[in-house]
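J.: Work out the full structure, taking the sequences as your base and the hints as a guide.
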Amino acid sequence: MFPEISLNILDVVQNSICARASLVEITVSIDTTADTLTVIIMDDGCGMSEAELSRAVDPFYTTRTTRKYGFGVPFFKAASEMTGGSFEISSEEGEGTYIKAVFVLSHIDRMPLGDMTGTLISLINANCRIDFSYNYSVDEKRFSLDTRQLRAILGSVPLNIPEVTGYITRYLEENTAEVNGGIKY
Amino acid sequence: MKSLEELAAIRDKMQNVVNLRSEASDCTRIVVGMATCGIAAGARPVLKAFSDGIQEKGIKDVMVIQEGCIGLCQYEPVVEVITPGKEKVTYVNMTSEKAAEVIEQHIIGGNVVTKYTINSAM
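Going line by line, the protein sequences match chains S and A.
Residue numbers 1 to 185, in our numbering, belong to the letters of the first sequence in order.
Residue numbers 1001 to 1122, in our numbering, belong to the letters of the second sequence in order.
Certain hints may be false.
Pairwise CB distance ranges (calculated) [stated by the list, open to error]: (1) A:1087 - S:141: 50 to 60 Å; (2) A:1074 - S:155: 36 to 46 Å; (3) S:129 - A:1074: 48 to 58 Å.
Treat the hints as calculated values from the structure; they're not laboratory data.
Ideal placement from N, C-alpha and C gives every residue a C-beta, glycine not left out.
T.: Set out below in structure tokens:
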């Protein structure tokens, strides 16, 4: 198991990348009244057949050839369910896959969200052909980052040069801190 | 809320400076394993170390990429360096400190850091 949710997200998004997604949307929303932290990961990759989907949560099922087990989805499911939360995964062949993990915010076994900036920067820098859309909210406060918007502004300037990585890092850190209002999730 | 205006300024400054990344065929690829085993073993800081290091030193014709499982889970974090025309080098049990050494000695200097390769580990 991972020590933070941001590593589960980094792991599960690898599946979207393998599915040849061109856009991955990641939403993290914290609702202090409902006492939940919800993570939604949606991609427009190749999707799964019904048979594949029914086995996706099985740790002994994988489409990779290097090993006979795949823990990404099962770990994410276990992480949310052990807080008393829920997990759902749906997919449409040729359309994409949708995952929603709900964690009970105050549960002692709810691991920290962790370094989402680190996860997002890793994804953006190492996958220059994929667009990522990130939405973060705590109750009514929210912000988002969409690499399509960044590309529209940057034109021919690539996303993975130091100046841009530095900008994206500061953008994520400052906006996250503002939305968090002093609390570490 | 930090806005996107600053980005327009970065674009104006970098537009004429940046040498557009050449296509994958002539780039050296630094491939960091990022499956569950890799992430659990600490691949995220290794990816960051390579990504930041390449950026800071302004090294051209190098791409840092993520991969899924390479099949060497007990040796994770694993980093493969693939230079066109040369044999693939597989570094195992990587850390961000070792990444800095590999950048300096192998990527820049051209000398494989054999003590960190899989051949030395086996």
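J.: Hints first: check each against the structure and report whether it holds.
T.: How the hints compare with the structure:
1. A:1087 - S:141: 50 to 60 Å: Roughly 52 Å apart at Cβ, these two residues keep to the hinted range, so it holds.
2. A:1074 - S:155: 36 to 46 Å: holds, 45 Å
3. S:129 - A:1074: 48 to 58 Å: violated, 31 Å
Hint 3 alone, counting from the list given before, is not met by this structure.
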